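Novice: These are the residues of each chain, in order.
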Amino acid sequence: MAENKRYWSGLDELNKTEAYKEALAVEFQGQQSVDEFLGDERLKETNTGRRDFLKFMGFSITAATLAACETPVVKSIPYVNKPEEITPGIANYYASTYFDGQDFGSVLVKTREGRPIFIKGNKEYGFGGGVLNARINSSVLGLYDSARIQSPMIGKSASDWNTVDEKIMAALSAAKRVAIVSGSVISPSTTRAINEFKARYNADHVQYEAISYQGMRDANQNAFGKAAIPMYHFDKAKVIVSIAADFLSTWLTGNVFAADYAKGRRPEGAWMSKHFQFESAMSVTGTNADARYMISPSQEGKLAAAILDRLNGGNAGVEGVEEGALVKAVAALKANKGNALVVAGSNDVNVQMIVNAINMSLDSYGNTIDIKNPLRAFAGDDRAFAKLVNDMKSGAVDAVIFYGTNPVYSYHNAPDLRDAMSKVATKVSFNLVADETASLCDFCCPDNHYLESWNDLSMVEGRVDLVQPAITPLFNTRQAQTSLLKWCGNAADYYTYLRQTHNAGYTADMMNTDQSWNAAVHNGCMMKAVAEAPAEMEAEVSAPALDVAGAIAAVTAIKGGSFELATYLKAGIGNGSQAANPWLQELPDPVTKVTWDNYVTMAQSDMESMNLNTYLAQRDHASLVKVTANGMEVILPAYPQPGQKPGTVGIALGYGRGAGNENIGRAAFQTKENGEHIVGEDGLFVPIGKNVFPMTTVQNGTPVYANFSVEVVAAEGTYPLACTQMHHTYMGRDSVVKETSYSAFKAEADKPKGKASWNMAHGLAVHEDVNGDGVINAQDKKPISDFDLWHEHPVEGVGHRWGMTIDLSSCIGCGSCITACHIENNVPVVGKDEVLRHRDMHWMRIDRFYSSDYSLERGEEEGLGAIDTYGRMEHPSANPQTVHMPMMCQHCNHAPCETVCPVLATTHSNEGLNQMTYNRCIGTRYCANNCPYKVRRFNWFNYMGYDKFKNFNPSQDSLSRMVLNPDVTVRARGVMEKCSMCVQRIQTGKLDAKKAGTPVADGAVVSACSEACPTHAITFGDLNDNKSNVRGISQNNRAYHALEEVGVQPNIYYMAKVRNTEDQEA
Amino acid sequence: MQREAAIREPLILGNKSYKDITDDVVGPIEGAAPRTWKILVTLTGLVAFYGVGCILYLLGTGIGVWGLNKTVGWAWDITNFVWWVGIGHAGTLISAVLLLFRQKWRMAINRSAEAMTIFAVIMAAIFPGIHMGRIWVGYWVFPLPNQFGSLWVNFNSPLLWDVFAISTYFSVSLVFWYIGLVPDFATIRDRMVKPLPKKIYGILSFGWSGRAKNWTRFEEVSLVLAGIATPLVFSVHSIVSMDFATSVIPGWHTTIFPPYFVSGAVFSGFAMVQTLLLIMRKTMKLESYIHIKHIEYMNIVIIVTGSIVGVAYLTELFISWYSGVEYESYAFINRFSGPYSWAYWIMMTCNVITPQLYWFKKLRRSLTVTFILSIVVNIGMWFERYVIIVTSLHRDYNPSSWGEFHATTIDIGIFIGTLGIFFTLFLLFARFFPVLALNELKSILKSSGENYKKIDNHHH
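Sequence lines, in order, name chains A and B.
Each residue of the first sequence is one higher than the one before, counting from 1 in this note's numbering.
Each residue of the second sequence is one higher than the one before, counting from 10001 in this note's numbering.
For reference, chain A alone in the conformation it holds in the complex (with noise of 0.2 Å):
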């Protein structure tokens, strides 16, 4: 039965009827190909089911949806023609020459891609070695200020250059008289240019600087007959006496002095200066001086007359200056005759007459101070523009240019002249902003940003420094000089014209040509013979007496009263004009540690007896006074400011800018918590500081930066001062900061390394018998690198080792290194909140620290407890020594931070670099609870989109975050960071020698603060290169590791500092 059982799989097959038949001839049943499918004409019938649309909708959707979820794209345009010299990734240098009338600096732009993003010195042909300071190394934002004006404008609106142009030729044609105010001009060209203007118009030329040194200039005329204001050579000078001179910062080319006051104080040397400085407030200068004296400014004559005195045999004094300061101060001038310097930075003609007297008597003239080839800037002439405001007021001017100064906001009677302005028809200005002045004028005809210009700058005889443009201008500005030359109807633009003033016949066609121009470029400078001096004033210099009778008598008349007021200028805002960079706004001023303010500093004593805050910190904010002079009022913080003289105020001028709300710039403007600006009661913004220009004295037509009366009060409330640095002594940890007097370390200076009594090298003790004196007891010590945890890093003599020395002797703490290492490694701008609650992100700091009167020595023998001690060595002294410590990474080879990182977020390299991987950072912030030197940085917010940084942090704004280096990541919210040493410069010199072929030669890799640094303090280097700099330094006697004995092994070295002092204080 079984064979008949069958199966059907339907009645088709049971039947096997002719379409089953057809069916089962066709191997793949159903199929149809797609070219079938789509060519059939039903298909057009068909409707597409609810179900099916839904279903395609969806699909449709999604797959949208996804694309549109990939992250934007941020085009990069590629070049047409790509320029010859340009290579995406590789930096091109272009030598140029930074000159605003405050600081002159010889540079080198770095450009990448055709943007300018660093400025560094042009240390092989610059002028005085090509040292820059934090002013001028930040001045490349200035290219990228949001706030330039961005074309020609008539009013306040916009214009074009030819009706521009045409307007104003004919206003000057109308015009019966006509002046140009300027800074100083020190451009052979552009004099020629301003004289072909004043030749067509018959105008005036004015120049006039923010900060005056016409008084030096008078004495300089009265003593040799020539208004000039010589060189100074502090390199040569075995002793140093400066009356109130900031020289190592602000005072005249104090970037040059800060380079050549550094080669006289190498405790190595043959032999190292002596410093003394009186003054009132505590300067940068102050903070360097081996001795360092309080007086007030009214007696800065009196001291240089009791000096002159002296010197002469006399034996005046000066009223509350201890006897011993004189009596030092003049042996030494008189011991180092000819070798020796007086310098004073007051501004009054007579006090400057007796300095003269004094360096005549000491024979400084010829060898430590220059007369024959003064410098050239610094030319302003207070009593011409007096006269011209005069002139301005009484109507007699009908066309006034301004040209690269901004006397609306600097001048000492700024009302008048604006009252005087309102006078004159026609006001043109070729400033980069609608600064104070510019918004005043009619017509502003913006200046190209120096990085845009040709130039040429003489500031001495026998060189010529170029400017030379690193970009085409961003904007629709025209050089200065060519407006000038255009209104003069010379068409030539002015490129030509300056080649023609070192060439009479230059022609477009020698544009390339002439070998000599090219390694001028090349060079950022030409040099020229320098003239001979004139014979007249050879027999001037060495005229035996200058009468200074009648100085002598005019400084003693002049009465204190019961405060005086010095005003200084910061290193980093300096005389206000880039008030709106937020680099120099953030960073610490060297002696207060403040930013972003300015503020009223005062002795301690005094403030105890006003009643006053004197504990500054997050949530203890300072007090606020009044200060009234000159009838004027300003309420400003105080600062308790140790070495400041009892009964004398400090108050940085440089503040206060765009106080009519002028278009300067966001940063220059308060901001609140949220970062939003605050707007004041008059419903203006709100300046950061306030500006106390009116607050000096005027003496023979010249502002003197004093007022020898002024009132201070205690005012109604406080007000939060951003410090980055709360604490001010080192508390007795001689392991953070070595320091010896001059005299210990020459009776030691032969010792081996870690020998001297100033310099002794940590041990542990151990419980055995280390020196074999049969006793184990706490003298049996080994050193610190014997006892280790881990295993060490295999750097020492494999591949390199980076790293760095530091000389505390070296070290001005001008702060130039801060701002330099801010900008090559885009650190962020955090603004004034975060700096208050403790949060700057500067990768590298100046610890600037002063001694106290107490020290566990001390306390022990006055029997105090431990509690009563620390809490008296927490305050400095009266008038303190000071140190300036750089701080930043010590990439330990043992780190601390390395060991505690869940997720090895920071590693040490086989080079001795302790780096941070920003991407595999989680941000627990344990590496920086654990880092002894607490250098880590944490980015607390999204810094470059965070609503609160947008007025100021550079990478919020379109513009200025061109100026960011493309080779250093910006880093995002929550990771930490820190010192890389540079990394990027690193690879780049490694690259290099490989394409070379060579190893990497000692100093072909520098960091951005040892390459800013003007007293050549930070010196990086290989230190398994046996040949390198760095590691002869690091082997120096007075080298040392801060905190040894913690045992971290850093590959930074410090230098233990020496004072010329004669015995060791504490």
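Bear in mind the hints are in silico, worked out from the structure with no lab data behind them.
The model shown is predicted, which means the values in this text are computed figures rather than measured ones.
Positions of the beta carbon are idealized from the N, C-alpha and C atoms, including for glycine.
Honestly, I wouldn't trust all of these hints.
Stated by the list, open to error - Using C-beta positions, here's what the derived DEER-type ranges look like:
#1 G945/A <-> A10033/B: 34 to 42 Å
#2 I635/A <-> Y10057/B: 29 to 37 Å
#3 W10136/B <-> V74/A: 17 to 25 Å
#4 G945/A <-> G10031/B: 40 to 48 Å
Stated by the list, open to error - Among chain A residues calculated to face chain B with C-beta under 10 Å, some are:
#5 N930
#6 R936
#7 L959
Use these hints to put chain B onto chain A, whose structure you have.
Specialist: Using the frame of chain A, we list chain B on its own:
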């Protein structure tokens, strides 16, 4: 049947029968939620929401909304973390260590103490999470295979040890707690009338049938888990203390930390148990089960651990002086005389001085005193961590970086918020879970119940 000495105080008061115990524990779960519970849970819920809001603001904006800075990189975050982890210790100690020591009095308190542990550890775990700058990559702390190349975690880092310690501790505690709950869930299941709760409790009880085999396995597992959990009581806080002890910061770098932290943890944990139980026994009418003897026992633990902590504080001071290390000695001088000395003296008063009141029997058997001191102890223990973290960091080696820490509203809000979440969870537990280990309690009824003891005495 086990017999107990007559002079021992009974552990279960009143004439309780087995059924009474079941009724007392399950009754509140079956009935409608009382008004007080509703008010309380609303209040704590609101606080919890506020805390969650603060956390979201923190995550959206950045760690900068806290008061931390370049010098003080941890403050309330890690203080709260250590504090909550410490609180968690009591639960495990009670359930595991006391089980191994056959302390029967633990049966009345172990369930809620363990619940407290679980919730406290959850609260603790919030902080290492949100204190990260980039919480969205926080999973990198786990040694997960990844596609980032050879990237791996750093086994040298105490923070990584923390990750393991806390997660192990949390999972073991959770399992231990749950195992204990199984027979009790079954009891509830058996009594439930409504189908949905019955179903839910049925699932939760894992099909417990109450057979002898179930009970044997239950006992075995409990013992094994107690064995596993006991070392964890000591390891977790030892490892947490190594976050500090293995660092180089004066005031942190201290070998005394592990035992000192463990006793501090037990100290604060018992205090928190006291706080919770005193409220719970009153509102849920559990006076028969958690009575004065239990409170007294716990107070004795508190005075012992508190004194250990006190000795540790003094030892630290002594060693800082004896070491002759200037940084170390300054760190401690600064602790008791510097800007944060107020915190130090709060800590000293709350942790060392006030617990000494428990030497007086009258005081340690007083409910009011116990309640007040339990809160005081936890305030003190919070300040202990604050002192260790903030005071040590704010002035370490380099005086130039010495600074201050000031809490912001977000710092405070998140801490208060975790208290809100914690109490909300505990209230939910008290409402839906058997708050006493009822089946375990039944096992001691006949040996330690008041009426049975009387009967027993009567026989003799």
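Novice: Hint by hint, note whether the structure agrees.
Specialist: Here is what the structure says about each hint:
Roughly 47 Å separates the CB atoms of G945/A and A10033/B, a value that falls outside the hinted 34 to 42 Å. Under the hint 29 to 37 Å, the C-beta atoms of I635/A and Y10057/B, about 36 Å apart, fit the expected range. Taken as a hint, the range 17 to 25 Å holds for the pair W10136/B and V74/A, whose Cβ atoms sit roughly 22 Å apart. Roughly 54 Å separates the CB atoms of G945/A and G10031/B, a value that falls outside the hinted 40 to 48 Å.
About 5 Å separates the beta-carbon of N930/A from the nearest beta-carbon of chain B, less than 10 Å, and the hint is met. For R936/A, the suggested interface contact is upheld, since its CB lies about 8 Å from the closest CB of chain B, less than 10 Å. About 25 Å separates the beta-carbon of L959/A from the nearest beta-carbon of chain B, more than 10 Å, and the hint is not met.
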